[in-house]
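Engineer: Residue numbers (the numbering used here), protein chains in the order written: chain F, 1 to 368; chain Z, 1001 to 1500; chain R, 2001 to 2174.
Errors might be hidden in some of the hints.
[To be verified] Computed, partial: chain Z to chain R, Cβ under 8 Å: (1) ILE1014; (2) THR1017; (3) LEU1113; (4) ALA1136; (5) ILE1142; (6) LEU1415; (7) ALA1460; (8) ARG1464; (9) TRP1467; (10) SER1468.
These are computed hints drawn from the structure, not numbers from a lab.
Every residue gets a Cβ at the ideal spot worked out from N, C-alpha and C, and that includes glycine.
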Amino acid sequence: MMGFLEDLLGNVFWQAVIKSVAVLVIILVVALLIVWVERKIVSDMQNRVGPMRAGPFGVLQTLADGLKLLFKESVLPRKIELGAYMAAPIAAMVPAFLIFMTIPIGRPFTVGETVVTFQGADLNVALLFILAMSSMAVYSIVLAGWASGSKYPLLGGVRATAQMISYEAAMGLSLVPVIMFASAQLGGASPALGTMSMSQLVELQQGSFRGFIPGWFIFWLIPSFVIFFISAVAETNRAPFDLVEADQEIVGGYHTEYSGFRFAMFFLAEYINMFNVSAIAVVLFLGGWLGPDFGLPGWIAWAMPLFWFFLKTFILVFIFIWIRATLPRLRYDQLMTLGWKRLIPASLVWLLLFAVVTAWRRFGAPWS
Amino acid sequence: MVGNLDILAIAPEIALTAAVVVLLLVEVNFDPHPRVWGGIAGVGIVAATVLSVFQWVEWSGGSGELAFSGMITGDGFSAMAGMVVFPLAGLSLMSGWRLVTEMRRRGAEMVSLLLLAAAGAHLMAASANLIMLFIALEVFSISLYVLAGFTRSRADADEAALKYFLLGAFASAVFLYGVALLFAATGSLSIYGDPTIYEAGARGIIRADAGIAAFLDSTIILEPGLLLAGIALLIVGLGFKVTAAPFHVWSPDVYQGAPGGITGFLAASAKVAGFAALARVLTVALGANIADWAPAVAVIAAVSIVLGTLLALAQTDIKLMLAYSSVAHAGFILTSLVAGPAGVAGMWFYVATYAVSVVAAFGVAAIVSGHTMGRSPLSSYEGLARRSPFLAAVLGITMLSMAGIPLTTGFVGKLAVFTAAADAGYLWLVILALVASVAGLYFYLRVIVLMYFRPTSDDAITPRVDWSSGIALGIATLATVLIGVVPWWLLNLLNDALPF
Amino acid sequence: MVETVLFFIFGIAAIFGAISMVWARNPVYSALGLMLTMFSIAVFYVSNAGHFVAAVQVIVYAGAVMTLFLFVIMLIGVDKSESRKDDLRFQRPAAVGLLGLLIAGVLIAGSAAWTTGTRQPGADVNGTIENVGDMLFRRWLLPFEITALLLIVAAAGAIALAYFKPGDEEGDAA
Chain F
1 MMGFLEDLLG NVFWQAVIKS VAVLVIILVV ALLIVWVERK IVSDMQNRVG PMRAGPFGVL
61 QTLADGLKLL FKESVLPRKI ELGAYMAAPI AAMVPAFLIF MTIPIGRPFT VGETVVTFQG
121 ADLNVALLFI LAMSSMAVYS IVLAGWASGS KYPLLGGVRA TAQMISYEAA MGLSLVPVIM
181 FASAQLGGAS PALGTMSMSQ LVELQQGSFR GFIPGWFIFW LIPSFVIFFI SAVAETNRAP
241 FDLVEADQEI VGGYHTEYSG FRFAMFFLAE YINMFNVSAI AVVLFLGGWL GPDFGLPGWI
301 AWAMPLFWFF LKTFILVFIF IWIRATLPRL RYDQLMTLGW KRLIPASLVW LLLFAVVTAW
361 RRFGAPWS
Chain Z
1001 MVGNLDILAI APEIALTAAV VVLLLVEVNF DPHPRVWGGI AGVGIVAATV LSVFQWVEWS
1061 GGSGELAFSG MITGDGFSAM AGMVVFPLAG LSLMSGWRLV TEMRRRGAEM VSLLLLAAAG
1121 AHLMAASANL IMLFIALEVF SISLYVLAGF TRSRADADEA ALKYFLLGAF ASAVFLYGVA
1181 LLFAATGSLS IYGDPTIYEA GARGIIRADA GIAAFLDSTI ILEPGLLLAG IALLIVGLGF
1241 KVTAAPFHVW SPDVYQGAPG GITGFLAASA KVAGFAALAR VLTVALGANI ADWAPAVAVI
1301 AAVSIVLGTL LALAQTDIKL MLAYSSVAHA GFILTSLVAG PAGVAGMWFY VATYAVSVVA
1361 AFGVAAIVSG HTMGRSPLSS YEGLARRSPF LAAVLGITML SMAGIPLTTG FVGKLAVFTA
1421 AADAGYLWLV ILALVASVAG LYFYLRVIVL MYFRPTSDDA ITPRVDWSSG IALGIATLAT
1481 VLIGVVPWWL LNLLNDALPF
Chain R
2001 MVETVLFFIF GIAAIFGAIS MVWARNPVYS ALGLMLTMFS IAVFYVSNAG HFVAAVQVIV
2061 YAGAVMTLFL FVIMLIGVDK SESRKDDLRF QRPAAVGLLG LLIAGVLIAG SAAWTTGTRQ
2121 PGADVNGTIE NVGDMLFRRW LLPFEITALL LIVAAAGAIA LAYFKPGDEE GDAA
């Protein structure tokens, strides 16, 4: 048994296949769970009971909905652009899937000689790759909006472009201090000058200072975390930034004309993206899968990193849902003002400040 | 890593950029009187000029420095470029000040772009790396494209700016392709080389870059196709900027369409920056291959002189006439470059004095036919001496200088470049240029005849000279005459302004 | 082997994208074709170990193509397609002729021998992010900073040109 597993994982090709399938399964399960969690939490906050029937506490409700959507008739409106209309839901799922591929969800383990990482692919430009993929994600929404041949989706698509381009700038800028800090933590001890690899960023957050505070980046980079999280909410088009699909104004936004399983793909992509940005925040700021294992026996300590990773991520997902249940939607001009006149200047000022302090600590005062 | 000399090498740019940033911030936040813009810009220009003088004191006469790991030079050449281009920007700003105020709030951007263009021009002259040169060229050119189309209410200004932009972008692409081919042929982008040794973490020690000049000096290239193609494309790209024929076709439209107050700067700064870059690239980086490029430069010079002179003869609009004459002048200046390093001093004299004259000429044209206007038909200069003796005197002296009449700078400049070319053995070029100069007398003197010996028409308006352009024109004219009468000190000075 | 397969798949995709960019009647499909080409080129960068360039290619060009989309949707309209009327009748034959010239040029230039220079220092390392950052902020620091100046020029120029309101220019402009 062990020998077979070792052979299987030792082969690069089969390892990639296994990881891809595993990632696909995990994100689908996670998305189903998050949908259920959201419905339960929002209903609690609104003094309702939420889904109750399918499974214990209605946990299978999303699965039931998904099956229902799968069997529904595929309605094709008459004025669509067929190619783009069909491609848009796929274009929504692919970046979400690829982003999750780069996130390390647990401690690497060894089978025989082979080191296996809990990560689809450990890229050395992971952060840039994530930014690139999140800019590709806009295409699905714009394509869907344009290809539907109807005015509400088009409005949603145009809104999405403006929103995502605006907040991507703040998001990217908020990540620069993370890279700078990682470089400072490496501090010349390693031959590398810095790193953008997600697994190395997690390893840099090991250890603790003052005895009990873990060495997570958030304790140095709170402003970055706040800016990142706000722009992440905007990037995923979640309330209060859900102008893209604001139902009171533009019906369903970009997915108004979609039904059946194509709609389900948009729906899933939104929740996967929510999980993705939470996971990225956990990896960059909250120590990823790091956490104590309380000296538990080996067979359970092996699973502890996974537990910590999902616990942290679901706490952030809870905050997402909490925000959605609490805050009213922004007006369009408020959205743009917040993006361009608050977040981007704030992240620039913070970047400058952080750069000066880092350089000072590393190379001494400019006059020395 | 960054030493004091490094900072001095780009100090004028720092001064100008600081002035621009302050200017834009003040304009946005306080919306002050245009006088405040002028004050800030003036401080920036004076500071940049003073810093260029410091550079001159530090580096003139052959002792140069490489700064920023071989990206930029501090030498007499770059210092001289600063000492020419920054006062020129100041003069242009003063003579075009009415245009700035007429642009209302957009005037602040106009001043900023002018300062940034001046910074780009100096960077072009100081670049010691072809990529650096390309970026400086873009900073300079893009500022000029916008300045050329500043008056949006006239369609011909938009047209001029668009033509300038499209052709300029094309020329930039040609230049960049030339850089790429030169890189392929020599394995370096650096003119002087980069002496710095980088000890970088994982990669171990990286050896220094020897540079294009050293490579060409030490290597015999048997199949020089790539090198020759690269040189040709570089000359084409920079020839566009200096309006050398046959790459001049944009200049008449742009000089006529651009707002009058800024045309002088467009014409003058492009000549200074373009020729400075051309001189450094040709005489230093490609100095070992002078036999390859000098004939090409000579042919371009000849074509420019003939074409520019012939076409200028036929014009009835003074700006078109000046545009074609600037093509001819580009040819005259190129004749000095066929002599290689020996011609650089002559080139400097010609470029600097021509730039001053052209600013004065376009300054007068702007006052006579309007600062925001493009067209300036020769008929509106009939009897100008009656209506405005000052303007007529300025334009007259400028025309005499451009024609190359003795006791003006134009004569000394022509003498200097022709001597250099004749010494280098290009006698045919010199004879051609002399013939063209005589033909050129016709259209320069025609303007003078129109101004002094024709009656003024009854409905002609009397141009009003505001004090700032008056001062600028006065300074330019005085310089043209004084340096023309006693040119020796400047010629001696310029012998120290060679690239090191 | 993997590289060859990748090259053929994305090489064909790049050419298909380029052709459809020129050929498509609907400008949105043109933009999509452009994006496909850019993306395929990014894959080539990855297979040549230029990870940083690949990521930047996707970020920058995806963003740029996005802007094209917006232009198409806002300026041309949602369901208009480009008119195919040629104003210059000799355009197409001329294009074919130029293509022939280009192919001839490539063949001649490719079959001749050219002397090339020495290798640039640092040319033998991968285009990883560390190396790019190291070169950019040490050797190429000044050009990098001057590029910032270029951006100021672009921003000031764009504002100056776009902020014009008719009647803004007093005096003799009329």
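Engineer: What are the numbers of the hints that this structure violates, sorted from low to high?
Structural biologist: Checked against the structure, the hints that fail are numbers 1, 6, 7, 8, 9 and 10, while the rest are satisfied.
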